[in-house]
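Undergrad: So the chains spell out like this:
Number of protein chains: 2
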Amino acid sequence: MSRFFKRLSSTISIKPIPSKAHHHRVLPDSAFPAGYLLTGVHAGVKKNADVLDLAVILSTSQNTTSAAACFTRNAFKAAPVLVSDQILSENGGRARGLVVNSGCANAVTGRQGLDDAWAMSIETDALLPPSTSRFKHHTLVMSTGVIGQRLPIDSILKGIRSQTSTESSSTLGSDYAAWERAAKAFMTTDTFPKLRARAFTIRGTEYRIAGMDKGAGMIHPNMGPASTALHATLLGCILTDAAVSPRSLQTALTYAMDRSFNCISVDGEMSTNDTVLVLANGAAAPNAVEIDESTDKEAYDVFKAELTAFAIDLAQLVVRDGEGATKFVTVNVKGAPTYEDAHRIASRISTSALVKTALYGEDANWGRVLSAAGSVPLPNVDPKNVSVSFVPSDGTKSLGVLVNGEPENVDEERAKEILSLEDFGICIELSAGSEEATYWTCDFSYEYVRINGDYRS
Amino acid sequence: MSRFFKRLSSTISIKPIPSKAHHHRVLPDSAFPAGYLLTGVHAGVKKNADVLDLAVILSTSQNTTSAAACFTRNAFKAAPVLVSDQILSENGGRARGLVVNSGCANAVTGRQGLDDAWAMSIETDALLPPSTSRFKHHTLVMSTGVIGQRLPIDSILKGIRSQTSTESSSTLGSDYAAWERAAKAFMTTDTFPKLRARAFTIRGTEYRIAGMDKGAGMIHPNMGPASTALHATLLGCILTDAAVSPRSLQTALTYAMDRSFNCISVDGEMSTNDTVLVLANGAAAPNAVEIDESTDKEAYDVFKAELTAFAIDLAQLVVRDGEGATKFVTVNVKGAPTYEDAHRIASRISTSALVKTALYGEDANWGRVLSAAGSVPLPNVDPKNVSVSFVPSDGTKSLGVLVNGEPENVDEERAKEILSLEDFGICIELSAGSEEATYWTCDFSYEYVRINGDYRS
Chain P
1 MSRFFKRLSS TISIKPIPSK AHHHRVLPDS AFPAGYLLTG VHAGVKKNAD VLDLAVILST
61 SQNTTSAAAC FTRNAFKAAP VLVSDQILSE NGGRARGLVV NSGCANAVTG RQGLDDAWAM
121 SIETDALLPP STSRFKHHTL VMSTGVIGQR LPIDSILKGI RSQTSTESSS TLGSDYAAWE
181 RAAKAFMTTD TFPKLRARAF TIRGTEYRIA GMDKGAGMIH PNMGPASTAL HATLLGCILT
241 DAAVSPRSLQ TALTYAMDRS FNCISVDGEM STNDTVLVLA NGAAAPNAVE IDESTDKEAY
301 DVFKAELTAF AIDLAQLVVR DGEGATKFVT VNVKGAPTYE DAHRIASRIS TSALVKTALY
361 GEDANWGRVL SAAGSVPLPN VDPKNVSVSF VPSDGTKSLG VLVNGEPENV DEERAKEILS
421 LEDFGICIEL SAGSEEATYW TCDFSYEYVR INGDYRS
Chain R
1 MSRFFKRLSS TISIKPIPSK AHHHRVLPDS AFPAGYLLTG VHAGVKKNAD VLDLAVILST
61 SQNTTSAAAC FTRNAFKAAP VLVSDQILSE NGGRARGLVV NSGCANAVTG RQGLDDAWAM
121 SIETDALLPP STSRFKHHTL VMSTGVIGQR LPIDSILKGI RSQTSTESSS TLGSDYAAWE
181 RAAKAFMTTD TFPKLRARAF TIRGTEYRIA GMDKGAGMIH PNMGPASTAL HATLLGCILT
241 DAAVSPRSLQ TALTYAMDRS FNCISVDGEM STNDTVLVLA NGAAAPNAVE IDESTDKEAY
301 DVFKAELTAF AIDLAQLVVR DGEGATKFVT VNVKGAPTYE DAHRIASRIS TSALVKTALY
361 GEDANWGRVL SAAGSVPLPN VDPKNVSVSF VPSDGTKSLG VLVNGEPENV DEERAKEILS
421 LEDFGICIEL SAGSEEATYW TCDFSYEYVR INGDYRS
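Residue numbers (the UniProt record's numbering), protein chains in the order written: chain P, 1 to 457; chain R, 1 to 457.
Heads up, some of the hints might be wrong.
Any copy will do: because identical chains look the same in the list, a pair fits if it lies in one copy or spans two.
Mimicking DSBU-like on lysine-lysine, the simulated pairs with C-alpha atoms at most 30 Å apart in a straight line are [stated by the list, open to error]:
id: 1; residue 1: Lys384; residue 2: Lys136
id: 2; residue 1: Lys416; residue 2: Lys47
id: 3; residue 1: Lys384; residue 2: Lys397
These are calculated hints, taken from the structure and not from any lab test.
Build out the structure end to end from the sequences listed, making use of the hints.
TA: Printed below as a string of structure tokens:
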């Protein structure tokens, strides 16, 4: 019997996880939208006093600020999700503040959890400049971390109060350092703060959009607009100084989400806390009317395209920093009857444990790719017309491994060359229609098991 | 920045995978059904000459032999699946032989793959005793192993021919050793041969049922009857000496599958090759009429219940020997509106990478259990009525961790005690109906990544 157990005594040789430090970007102060104050502090949710765990973000614009969000569709929505959803709904898509803690998700915490999330919102409201609006609440809430544990609410409230403008402890600011502090406070198992910014022009006025997100694990978002929302803990916050009507902001965000955060997977897990929100405060042009799809489709389309491109940037950062990830893999499914079919197959390939362990092993195991694709019911696909190829990111020629249902005599050297790159693609042509979808995923390593086999301790 | 990268230099301490040798069972020769000859040989699909890679199973009964099967629902069905499906269909549910190879799945091998599978069937037909039946083909085919590689068909055909009764190399037999050889030839990454037998009585006649299966990885079956079949590579073969009509054999197998193999998951992967088949040769009572649901419901119900219980035994063995598994976990979902809802949630929990890594880490992370459950759309569930508990296998008291939506102050010592057992359960009460479903799953370890990160080499 001894040979049956030979694997038991094997030793595991561990590939080092490559540093992702080069994806952290230092930006000029001028890259950021006007009219926001931000900071990140250590409030005491996490033990280590060097680690930031509370972010405060305030819109200080004289204009009203529009807010839109996409929340997890999980049946067990965390308290901060329920609270933020309610505020957005009561305010008709207006909010001026955001408070975020990492280290504890405040999820499945019962009645007390809701009280805690409300307390965070109310405490942050006190930091905002006075407003003549009729709204009772102004601040949205996000939490990320362990599920089922209560927040150390007193420490958090104290952390928020320390940012009062009259306190010397306040570190709220609008420069790069302030934005970076906020981005750092979002982090859980992330290895670098995810902060990006870009500028765009509509009718001669220059606007800025900037934002941060966090991810790493429990990442397979399928978020929808408020109260209708399915998957990930992914938190994202996008801030712009353009003026956009609440309804059009939500429409643009929902569109962007379907082409960005809803097309990434780290581990196929939908969290109780996933939230991406966008604030638009109009500070770049205080007298401009709000962009709205029904009154100025052209301006709206530019904004929607910019928001989408920016959301894709932020979403990809999460995959790059996926827990234990050593690869960034673009999965492209072509020739599907509908976009939904293509998206479903790309999602299945991107979440397959066997595909992802093969990617980690730099093994061009296209059989697993096909097997995963085939596990999605799709009656119109004829296996004889299906092709698979690996696409290098360095501009060199892609490698067909299955052509019209027949396996190629694969050049394993070349396959290894492609798969040893940090970035590459897998392309599958179904020849059953003209729709396509793109997904971004990472590999599945020992490090993922290590991080998640011992997360709470 | 250095703290963001601290995990990169961490060392991984690896828990040894417990030996599963005690699940291998030696059985008396008398435990097996009459009228079958079996063997397992080394044909050369696998490199190591000590490893069996070809099983031949023949029904030698004078009676006609009924056959039924459930195949993978994968869109890219392997050649042996297509060939077996066609034979069963042409013969109206009759077949007398089975030939199985491990080491190569003969999947996505194009036209040549089909020719190879047919050649295996035809070559094995020649080993069968002459028959007066009008059928052109008698032998079903199964393959398991790497996808997208061609079979070494000449070696396989030579291996089959070596079992001709006039050859001194023939090792076909009906004793325990012969059954064990066949079971060993099914194995891929399995660590022990999976062979079980049981007896049952219908109206005073004693029948026997025995069988073998293999699994380990790519296990999340969702198999259906021929030509309608969705998920796993799982191969199973069940042989009985009862006489059952083809139609009732298929009905009974489909029923049994839904309560056994379709309720297990190792890694959530549906393979191109999954097949479970059953042969019923009537050898125990040559003059008995075939059991049929329409003519003798009582006898049929006994047979169906026995087949189901046996299929559950075989299915659980696959989970016990899941690739890298150190735990055997029973997931019980209660209080669902429908069985399908309960099954869907149990399946989601059983495939969650975060739940499975927590199980490996012996971490009572019930938040992940709930988060996974919540990712399945289920509008009727009120989080305030949901409870979760961990159930030890040693008869001691179970541990409630979430009671009616409120987290308990969990006794972590006791939780650790339960989770350090090899067998335990997770029970989730939805309080949204009266249906329940049970799933069997395993944990997700470094060893899984090792096995699958380097499978082909």
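Undergrad: A separate judgement is required for each hint: does it hold in the structure or not?
TA: Hint-by-hint comparison with the structure:
Taking identical chains as interchangeable, the C-alpha atoms of Lys384 and Lys136 lie at most 30 Å apart only when they sit on different chains, with a minimum of 27 Å there against 62 Å within one chain. In this assembly of identical chains, the alpha carbons of Lys416 and Lys47 lie at most 30 Å apart only when taken from different copies (23 Å versus 43 Å within one copy). Taking the shortest Cα distances, Lys384 and Lys397 sit within 30 Å of each other inside one copy (24 Å), while across copies they are farther apart (56 Å).
Hint check: no violations occur; every hint is consistent with the structure.
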